[in-house]
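Chain by chain, the residues run as shown.
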Amino acid sequence: MSPVSATSPLSTGKAPGKATGKPTRKATGKPPGTAVGPEPAERDVPAPGPVRQPDPVPDPGPVSVQKDPEAAEGPEAATGRLAPGAAARFAGAAVSLLYRGFTRSVAVTALLAVWEAAPRLGLVDATFLPPFSEVALAWWELALDGQLADNTAASLTRSLSGFGLAVLAAVPLGLLIGWYRPLAELLNPLLEVFRNTAALALLPVFVLLLGIGETSKISIVFYACAWPILLNTISAVRTVDPTLLRLARSMDLSAPRLFQKVILPASVPTVFTGIRLAGAVSILVLVAAEMIGAKAGLGYLINASQYNFAIPQMYAGIVTISVIGVVFNGLLVALERRLTSWRLPPTH
Amino acid sequence: MTEDTTRPAKILFEGVRKDFPVRDAALARRRGRRGLRRPLAGTGRPPVPRAHPAAGFTALDGVDLAIPAGEFTVVVGPSGCGKSTLLDLLAGLTRPTGGRILLDGRPVTGPGLDRGIVFQQYALLPWRTAQGNVEFGLEAIGVPRRERADRARAYLDLVGLTGFEDRHPHELSGGMRQRVAIARSLAYDPDVLLMDEPFAALDAQTRESLQDELLRIWRRTGKTILFITHGIEEAVYLGQRVAVMTSRPGRIKRVVPIGLGEQRATADDLRSSPEFARYRHEIWSLLHDEVSRAQQEEKEGVAV
Numbered sequence: 001m002s003p004v005s006a007t008s009p010l011s012t013g014k015a016p017g018k019a020t021g022k023p024t025r026k027a028t029g030k031p032p033g034t035a036v037g038p039e040p041a042e043r044d045v046p047a048p049g050p051v052r053q054p055d056p057v058p059d060p061g062p063v064s065v066q067k068d069p070e071a072a073e074g075p076e077a078a079t080g081r082l083a084p085g086a087a088a089r090f091a092g093a094a095v096s097l098l099y100r101g102f103t104r105s106v107a108v109t110a111l112l113a114v115w116e117a118a119p120r121l122g123l124v125d126a127t128f129l130p131p132f133s134e135v136a137l138a139w140w141e142l143a144l145d146g147q148l149a150d151n152t153a154a155s156l157t158r159s160l161s162g163f164g165l166a167v168l169a170a171v172p173l174g175l176l177i178g179w180y181r182p183l184a185e186l187l188n189p190l191l192e193v194f195r196n197t198a199a200l201a202l203l204p205v206f207v208l209l210l211g212i213g214e215t216s217k218i219s220i221v222f223y224a225c226a227w228p229i230l231l232n233t234i235s236a237v238r239t240v241d242p243t244l245l246r247l248a249r250s251m252d253l254s255a256p257r258l259f260q261k262v263i264l265p266a267s268v269p270t271v272f273t274g275i276r277l278a279g280a281v282s283i284l285v286l287v288a289a290e291m292i293g294a295k296a297g298l299g300y301l302i303n304a305s306q307y308n309f310a311i312p313q314m315y316a317g318i319v320t321i322s323v324i325g326v327v328f329n330g331l332l333v334a335l336e337r338r339l340t341s342w343r344l345p346p347t348h
Numbered sequence: 001m002t003e004d005t006t007r008p009a010k011i012l013f014e015g016v017r018k019d020f021p022v023r024d025a026a027l028a029r030r031r032g033r034r035g036l037r038r039p040l041a042g043t044g045r046p047p048v049p050r051a052h053p054a055a056g057f058t059a060l061d062g063v064d065l066a067i068p069a070g071e072f073t074v075v076v077g078p079s080g081c082g083k084s085t086l087l088d089l090l091a092g093l094t095r096p097t098g099g100r101i102l103l104d105g106r107p108v109t110g111p112g113l114d115r116g117i118v119f120q121q122y123a124l125l126p127w128r129t130a131q132g133n134v135e136f137g138l139e140a141i142g143v144p145r146r147e148r149a150d151r152a153r154a155y156l157d158l159v160g161l162t163g164f165e166d167r168h169p170h171e172l173s174g175g176m177r178q179r180v181a182i183a184r185s186l187a188y189d190p191d192v193l194l195m196d197e198p199f200a201a202l203d204a205q206t207r208e209s210l211q212d213e214l215l216r217i218w219r220r221t222g223k224t225i226l227f228i229t230h231g232i233e234e235a236v237y238l239g240q241r242v243a244v245m246t247s248r249p250g251r252i253k254r255v256v257p258i259g260l261g262e263q264r265a266t267a268d269d270l271r272s273s274p275e276f277a278r279y280r281h282e283i284w285s286l287l288h289d290e291v292s293r294a295q296q297e298e299k300e301g302v303a304v
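If you read the protein sequences in the order shown, they are chains A and B. So the first sequence is residues 1 to 348, counted in our numbering. So the second sequence is residues 1 to 304, counted in our numbering.
Mixed in with the good hints there might be a few duds.
[What the hints assert, rightly or not] Pairwise CB distance ranges, derived in the manner of DEER restraints: (1) Ser341/A - Pro107/B: 43 to 49 Å; (2) Thr58/B - Arg195/A: 40 to 46 Å; (3) Pro144/B - Ala198/A: 52 to 58 Å; (4) Pro107/B - Leu187/A: 38 to 44 Å; (5) Arg220/B - Pro189/A: 56 to 62 Å; (6) Arg338/A - Pro144/B: 27 to 33 Å; (7) Arg100/B - Ser341/A: 45 to 51 Å; (8) Leu215/B - Phe259/A: 54 to 60 Å; (9) Phe259/A - Arg100/B: 31 to 37 Å; (10) Pro144/B - Phe259/A: 20 to 26 Å; (11) Phe102/A - Ala200/B: 25 to 31 Å; (12) Thr58/B - Ala255/A: 44 to 50 Å.
Since the hints were derived computationally from the structure, they do not count as laboratory data. C-beta atoms are modelled at their ideal positions from N, C-alpha and C, and glycine is treated no differently.
This is chain A alone, in the form it adopts within the complex (with noise of 0.2 Å):
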């Protein structure tokens, strides 16, 4: 993330709030456009020498950022600040990411022109709907006397122990599940069941069970997460190419080298397809869950400036929980790509 994370000086400036989304995704966008092509040569003839992709992550050096803890939460996120030797190296790229970080806000400043105007032309009831530019201010205050702060840890806290957990326990049981096909297929009805049943209808039965404290919470987390990574490992196991296991086999290999070596790499991609759903299931979970029971967390916030009327302050804390969620789901992706990049840029 770091190397990566140094172009966003140059992005936020036209995209701000998404300074972690962005720049990961325009450093590894960048190789389709610029790299040597997969078919250098259909004559086949080797180049003696060999023609280097080019790296596709600019050169962090005389870019510094500075790690602010509140900027990974803020929608004002990462500042940073620009080497002046380094600005012409950069000029050329300059234009290229401006011009990207241009299409890529355009839809949200859209949005959000349109939030602020909407209720100042009367067009929604300003009561219901503030301007966005209340609401900025309500999360402002908000951000200043600690509340958004100790909420978000709250739920922060929440969703990633039962996210962690749930990638802990279902991957590990998931590639279990997939390689022994007797134990695929006795479970499977029950996988069936517990997939297709709405984890949030089991909320009241987790609060009956384990009480309206953390433990009901981060249990109903750790479910809903559950299912997406067992099911996607599962398949991620069962799907391996075919021809992999045929060569693996004719090579003799044993079951757990041809685990180690053949099957786990080759199932990260899907595992990882997984692991994304249920970032954003721990957060969509949690936030319903601490609706029903809970004196802390953003769900909480939300809710209970509904109750008190506190309507731009209620939309302060769904902004918080979008953009929480957008930089989760940017970090899993940071993490896939880092993972999987042995893969086509285009999925197959």
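Knowing the structure of chain A, use the given hints to seat chain B on it.
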């Protein structure tokens, strides 16, 4: 059939028969859709030809073939004649229903690293570089790390891929990928190289250059090569002997020795020489009957 008595047989097929029983085949197909078991245990190919979906069938029946050490043998046959089954049997990926397969006088009981396979679909590990893919086989036989890297580089050099060690498969052309696969199979130094239509997915120019390359590698390494193809020209161009198979059930119809030895070295365009054309025509005639018979059978199968 045409036993070569002057040299001892490296590979010997004796009355080999392979049936795919009905129930197992159906089960295997269902398993293949659901899980791992079939591709692992089987051949990676649908065991029952589409024309006879309900019937069990005999893929090979009474296959006799002796291959002396160091020979380049090509097996050519109409599609669905069981030539890939033949190769799977020798690779130890499937067991014969009848007869026996001897390698160096010992029956083949399972897969092993004394036989290297080159697949049509390359079967490269996409997350590994060219170098890593070649090292894959070396890891299997427990070569120490340092030596692995050296040997992988040497074999990549042999197939003309120096400078491409760090490329991932998706950064290589089809021909280069197959070169990596060939290097991988050679690197762990098997006695026998089994090639299952390795150049079928390549364009004509790449195929021709790889054929020359393969002949060069074969002369340099002296491996025994069993090469499966459905291309007649490819068979004549590559093989010292060409075994023509009958259509279902597969059997060796005739083994044609290709006497292009001295011309290979001198002729500029071997493929347009009259001798080449004669061999090509001979094999074409042998195959032609089989192809029409196979088509006839397929029609009847559909009609019934």
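Hint by hint, here is what the structure shows:
| no. | hint | in the structure |
| --- | --- | --- |
| 1 | Ser341/A - Pro107/B: 43 to 49 Å | holds (45 Å) |
| 2 | Thr58/B - Arg195/A: 40 to 46 Å | holds (44 Å) |
| 3 | Pro144/B - Ala198/A: 52 to 58 Å | holds (54 Å) |
| 4 | Pro107/B - Leu187/A: 38 to 44 Å | holds (40 Å) |
| 5 | Arg220/B - Pro189/A: 56 to 62 Å | holds (58 Å) |
| 6 | Arg338/A - Pro144/B: 27 to 33 Å | holds (29 Å) |
| 7 | Arg100/B - Ser341/A: 45 to 51 Å | holds (48 Å) |
| 8 | Leu215/B - Phe259/A: 54 to 60 Å | violated (38 Å) |
| 9 | Phe259/A - Arg100/B: 31 to 37 Å | holds (33 Å) |
| 10 | Pro144/B - Phe259/A: 20 to 26 Å | holds (23 Å) |
| 11 | Phe102/A - Ala200/B: 25 to 31 Å | violated (48 Å) |
| 12 | Thr58/B - Ala255/A: 44 to 50 Å | violated (32 Å) |
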